[in-house]
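Please build the complete structure, drawing on both the sequences and the hints.
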Amino acid sequence: MVRHPILTALVSRDSLSGLMFIAFAAGFAFLSRDLSLGTALRMGAGYFPLLLSAVLGVLGLVIVLRALVAGGTAVEGVSWRGLALVSASVLVFGLGLGGLGLGPAVAGSTILAAMASGRARPLGIAMLAAFLVAFTWLVFIRGLGLPIPMIGSWLA
Amino acid sequence: MDILNNLALGFATTLSVSNLLYCFVGALLGTLIGVLPGLGPVATIAMLLPITFGLEPVSALIMLAGIYYGAQYGGSTTAILINLPGESTSVVTALDGYAMARQGRAGAALATAALGSFVAGTIATVFIALFAPPLAALALQFGPPEYFALMVLGLIASVTLASGSLLKALAMIILGLLLGLIGRDVYTTEARFTFGLENLTDGLQFVALAMGVYGIGEIIKNLESHEDRTPTAAKVEGLMLSRQDLARITPPVLRGTALGSLLGILPGGGALLSSFASYALEKRMSRNPAAFGRGAIEGVAGPESANNAGAQSSFIPMLTLGIPSNPVMALMVGALIIHGITPGPSFITDKPEMFWGLVASMWVGNLMLVVLNLPLIGIWVRLLTVPYHWLFPAIVVFSAIGVYSVNNSAGDVLVMAAMGVFGYALHKLDCEPAPLLLGFVLGPMLEEHLRRSMLLFRGDPTQFLTRPLTASLLVLALVALVVVLLPTIGQKRETVFRE
Amino acid sequence: MKLKFLAAALLGFSMAGPIAGPVSAQTPYPTKPVTVVVPFTAGGTADIIGRMVAEHLQKTLGQPFVVENIGGGGGVSGVEKVVKSAPDGSTLVLASTSNLAVHPTLYGAKFPYQTLRDLKPITQVSVVPNVLVVNPDKIKARTVPDLIAYLKANPDKVSFGSSGIGTTQHLAGELFQQRTGASMVHIPYKGSSAMLPDLLAGNIELAFDNVPLLLPHVAAGKLAMLAVATPERADFDKNIPTVAEFVPGFEATAWHGFLAPAATPDAVIAKLATEIRAFMQQPETVKRMSGLGMTPVSSMPEEFTALIRTMTAQWKEVIEKGNIKPQ
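Protein chains in written order, with this note's numbering: chain A, 1 to 156; chain B, 1 to 499; chain C, 1 to 327.
Don't read these hints as lab results, they were simulated from the structure.
In this text the structure is predicted, and so the values were computed from the model without any measurement.
For every residue, glycine included, the Cβ atom is placed at its ideal position computed from N, Cα and C.
Treat the hints with caution; some may be incorrect.
Stated by the list, open to error - Derived CB-CB ranges, DEER-like: (1) LEU469/B x PRO231/C: 40 to 48 Å; (2) ASN323/C x PRO352/B: 47 to 55 Å; (3) VAL58/A x ILE240/C: 53 to 61 Å; (4) ALA54/A x GLU302/C: 53 to 61 Å.
Said to hold, decoys possible - Keeping only pairs whose Cα atoms sit at most 35 Å apart, straight-line, the calculated DSBU-like set for lysine-lysine is: (5) LYS138/C x LYS351/B; (6) LYS287/C x LYS351/B; (7) LYS238/C x LYS140/C; (8) LYS81/C x LYS32/C; (9) LYS351/B x LYS140/C; (10) LYS238/C x LYS351/B; (11) LYS190/C x LYS81/C; (12) LYS321/C x LYS120/C; (13) LYS140/C x LYS157/C; (14) LYS140/C x LYS316/C; (15) LYS190/C x LYS351/B.
If you want it as structure tokens, here you go:
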């Protein structure tokens, strides 16, 4: 597939990072709209963030422009599987800890994470999950006495 | 000499069998807590507080101090081995420490951290013994305008944390500053950028941000490759330091110690700046700055020493003014107060055995930590030979529990998930996260001190220049800016020429 | 808590396990572990009280009482969690003046709880007196009337520090201005210990603050203590007058107390109140609390309810008069 060089440059690492900075700048500036601005002498809550957003926006723009002129390396080899499964693993832990308790949350989180490598076999994953459940129970609940239930209210 | 008598009194207190035991228990617990990612000394000390009610105050203090610096030791271990910094100071250690580990030099990095910390701890102990009272007075010279100027200087220096594009590093600092502003505004109580979530009104939690961007991001990145070796176990060689290594780390350790001892006195974020400052300094002084970020041993030695020296000297404002510089110190003040002892200007004269006992115990504790940690290095390094597909799910789980335990907040775990994705995106876009983290830490302080200064000046900015210390720090910041920009302007010409 | 056992074992001394206390026949409470939410980060004075009381309740009531620090949003997240939890006595909160009598007013309609609608008071446990201190180099006044005269002659010249907007330290300053007609500039900090260096160095000149950390500096002559903000003179020094002797009705103290979700059965509340009040009256507790600069209190649930009502009204007036509101 032949792409226009400008297009290639636009999706290069440098240019995309510049666009990301611009997006953050716009987002923060937008969210600052309801904050009190004050004056330079008596600054409100919105003054400093708005100032920073402006600087960030300009920096982002310069980064994009330079990338368009200079070209750049493309983003490739994204490990979508790793990204999805590892984030899901942390999310499951965060969302499930309260209701499921430490045991099931650790097991679920371990299984999801372990599937990300595509290397571990089901039996191995199950053994790892069992080991980590036992280990975390020993260290965090028995040893350190963290106030987390082993089995949560959804299951009890 | 007075100082010898004082130290003799201190060692007499510390070297009692029971106090040695408390010191050891503290250091050991601290190391164990520190090695568990995200699990900080604050929670540990809080849980131990009721026990300390029953102890002699000096023993209680010695044990709590042991936990504190033990945890600092343990924290750098995870930063080096698996790129998982549990606190702001270990972010710097992770830069070159983890790079060294990837080259199979994890053992050397850990040994450098341990030895550097010990030397720094020893020198800082003597430093405290000699200068504690006058230094406390110095700390009071720093008001809001001085802190503001110091933060500006720190931010400019932090550009050196990145080894790639200067522009991107600058943008990352600004983005970090912005992320740091999330939460309730100190001056107006307006909630900023919280999307109405109570969870965010105290700001993004540092541990969730750092462990997400570094630890989780790194795991996703490693899953790209099809190799199953733990990336840091490529080749494990040289568990100990060569004579050449020792020669290389000596000057950075000494410089880091000096920086840390001085900055640590400032209760408003000095100790925090010291490891960043040391890294910037070493990179600036190095004949080969390009090696930084790619496993320069100086980049581990300097910051680790600065960090430990800073941790020691931050006891000065606590003991002589009753001003804790971090939550751990606040807990220690609490433990003292419950015994009816309030640290303050007359603490040293009223309770000499306690003050000097604590000073002596710091040195003893540091010695114990070295003895404890050097043999452990072999075990840590061997841990890395576990196949990666077994190791990383465990890291994910431990990180999640650690982040949760800081505030007992499930929301913080979700923040870590988001930050993991963000960290991976940063990696794919060639954006280095270290400046972002420094910006994040300094952002709220920078704004707070700026706005407080303007309130104190009743809106007259020229007063920044009428305070000599502020003015000189600002001039120094300007010089630093020029020094940072000069070589890159030259480089820019080069790049343009090449294209 | 298990860490304690680990540490205790390492230290080689034994700790007695929970001893089952007398459980009344009518109220089989507690039948399961109880969470005591402390809506502050670990280690503050509130946390220390919470842990002392939890340890006592665990011993006498025979179930684990686990302290959980939920420090988000100035304590809002912690209190909110208790409001939303089951009203069976299995979740309690140890909250402060700001949580109970200030925040619901300060943060307005969108605030997630209303104290007396959503919570049932058990007992107040402490009073933390604030004192009025000045930097002696910057302000020559050594009595409250002199100070008021000085402030009136120099409007907005003096800065007063506080440990944050909506804390009793801040509201004390506002109340003082409103009642005396003096005018100062308020400088908020994140907590007292961040403010103290600026007060000692004279960057700010005046503050109302809790006693313990200030006393050594007063003793060393680095700070001058003009008055206490309690209705009566304080135990630690009867020579120090109260602000109220010069500004009638002036009171600005912080206090802590235990509460449970609003629908918790009265029998459970009564049982907890009895146990906690008994503990607060023990000589050892009194000694510890005064070490922390607090006066232990043991009030009946009705008295605590009345206190919350009165103080909410007082601070509401100050907040509205001073226009202290998030925009």
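Structure-based check of all given hints:
Separation of LEU469/B from PRO231/C is about 43 Å and conforms to the stated range, judged on CB atoms against 40 to 48 Å. Distance hint check: the CB atoms of ASN323/C and PRO352/B are about 51 Å apart, consistent with the given range 47 to 55 Å. Restraint check, VAL58/A to ILE240/C: a C-beta distance of roughly 57 Å satisfies the suggested window 53 to 61 Å. A hinted range of 53 to 61 Å holds for the C-beta pair ALA54/A and GLU302/C, which are about 56 Å apart.
For the hint pairing LYS138/C with LYS351/B, the CA-to-CA distance comes to about 30 Å; that is within 35 Å, so the pair holds. Restraint check: the Cα-Cα separation between LYS287/C and LYS351/B comes to about 21 Å, which is no more than 35 Å; the hinted pair holds. A hinted pair counts as satisfied when its Cα atoms are at most 35 Å apart, and LYS238/C with LYS140/C qualifies at roughly 22 Å. The hinted pair formed by LYS81/C and LYS32/C meets the criterion: a straight-line CA distance of about 18 Å does not exceed 35 Å.
Simply put, LYS351/B and LYS140/C have alpha-carbon atoms about 32 Å apart, close enough for the 35 Å limit, and the pair holds. Simply put, LYS238/C and LYS351/B have alpha-carbon atoms about 26 Å apart, close enough for the 35 Å limit, and the pair holds. A hinted pair counts as satisfied when its Cα atoms are at most 35 Å apart, and LYS190/C with LYS81/C qualifies at roughly 24 Å. Among the hinted pairs, LYS321/C with LYS120/C is consistent with the structure: their alpha-carbon atoms are about 29 Å apart, no more than 35 Å.
At most 35 Å may separate the alpha-carbon atoms for a hinted pair to count; LYS140/C and LYS157/C meet this at roughly 14 Å. Using a Cα cut-off of 35 Å, the hinted pair LYS140/C and LYS316/C holds, with the two alpha carbons roughly 33 Å apart. Pair hint LYS190/C plus LYS351/B holds up; C-alpha atoms about 30 Å apart against a cutoff of 35 Å.
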